[in-house]
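Could you slot chain W onto chain X? The hints should help.
Number of protein chains: 2
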Amino acid sequence: MHIFYAPESSGNTITLSETESRHCIRVLRMTTGSVIKLIDGSGNLYTGYISDPDPLRCKIIVTKTITGFGKRNYRLHIGISPIKNRERFEWFLEKSVEIGIDIITPLICHRSEKNPINESRAGNIIISAIKQSVKAYKPELTKPYLFDEFTDTFNSGVCMITHCSKAFERTKIDSVYSRGRNAVILIGPEGDFTDEEIIRAIERGYIPVHLGESRLRTETAGIAACHSVYFINQ
Amino acid sequence: MHIFYAPESSGNTITLSETESRHCIRVLRMTTGSVIKLIDGSGNLYTGYISDPDPLRCKIIVTKTITGFGKRNYRLHIGISPIKNRERFEWFLEKSVEIGIDIITPLICHRSEKNPINESRAGNIIISAIKQSVKAYKPELTKPYLFDEFTDTFNSGVCMITHCSKAFERTKIDSVYSRGRNAVILIGPEGDFTDEEIIRAIERGYIPVHLGESRLRTETAGIAACHSVYFINQ
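Here the protein sequences come in this chain order: X and W.
Here the first sequence is numbered in the working numbering, starting from 1 and rising by one per residue.
Here the second sequence is numbered in the working numbering, starting from 1 and rising by one per residue.
It is possible that some hints are incorrect.
Same chains, same names: a pair is fine if it fits in one copy or spans any two.
[To be verified] Capping the alpha-carbon separation at 27 Å, the derived lysine-lysine pairs in DSS-like fashion look like this: (1) K131 <-> K166; (2) K166 <-> K71; (3) K64 <-> K114; (4) K59 <-> K143; (5) K64 <-> K166; (6) K131 <-> K143; (7) K131 <-> K172.
If you're looking for bench data, these hints aren't it; they were derived computationally from the structure.
Bound conformation, chain X alone:
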């Protein structure tokens, strides 16, 4: 069954956006009475049927609402350096949303590429991924944070910094993180965090962790970190 995205829905009638209406009526050729499911990005999963198949403002009558659909028992926030190849960052976005994440922050590190996120594309990727994987909660993509600003601001839960430097002892994620806890994980740029950044993070309560023996690209490290927390919670 196709899933539609209708943010800020309330009441028993939902009007789809122009994009979603067009997709529903013109592309999928749905019509009056067709049953569809909707997510609102705030935890609600609706079932309903089309009452007005307007290709610009399609109307749905809600017949069933599940609140808190797919609510996880942990929250995950990943701060990840932008990547030279923007497509790789977008892959990370899509895959981390599919697996399970709550907040993604572009993390501007000393060695980060100066490659701003395309916010509109990124927003569409996130919506498309929650629809595809039927997630009622839409993860938040925050504004970019400078490294120091990030570590000063986000300090609650189990805070971890992944890095490859041999100068600092690192541990495996599952020896510091356990099921049900909130996590913040930092993923560095291709050239890794600087020693100064690692020290700064440690001073702010971040624990250095590794992602195993393999040398991973930034976006792969991001997925590996996201999946580690997911795996521990299953």
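This is chain W only, laid out in the frame that chain X set:
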């Protein structure tokens, strides 16, 4: 340091392929005496220097050889359905190689898209990924196997089938797979395996497993399975 790929190397002098020679001499502008590292795909990591900077047949004198570089204590074979969007399959290839895999087999299931792998592109992606992640062993991409043929042929180690059907009890990977063991994992097409395929696999000794609560695309499920085994082994 840049890594070059030189299969079937032996002796103290290695001649790079035309592609690698051009990249080394023309693109990276390396010259006589430049120190480089090479992997041969069979477990050797060489260090050497350029003795003849020929842009078609660059010659390297080997000064150090590490055999069995990065050898893992487990072998992982993933049989994964082709995907309609070929780029998604190629992304799985790249990421699974980075994380750690030994054999990848395109698995032709009842509901698989008829989308043949581009073997030449796939081969280049694998080589590029082992160079990037400094892996001395090159994973093998086998010919496609029909589902029945695959489950008849590959039966050793911990054999698992990931699926979403509610008709069969499933368990988490780490309750059947433990560190150091060889694993075979089946990943189905977007429409999932048929019940007949699941029964057939169970009869051949495959254990139904799940990858957690999230509904994952084929390529994401492949990465999640690959990373689960990797994570357990760290």
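Which of the listed hints are broken here? Violated: hints 3, 4.
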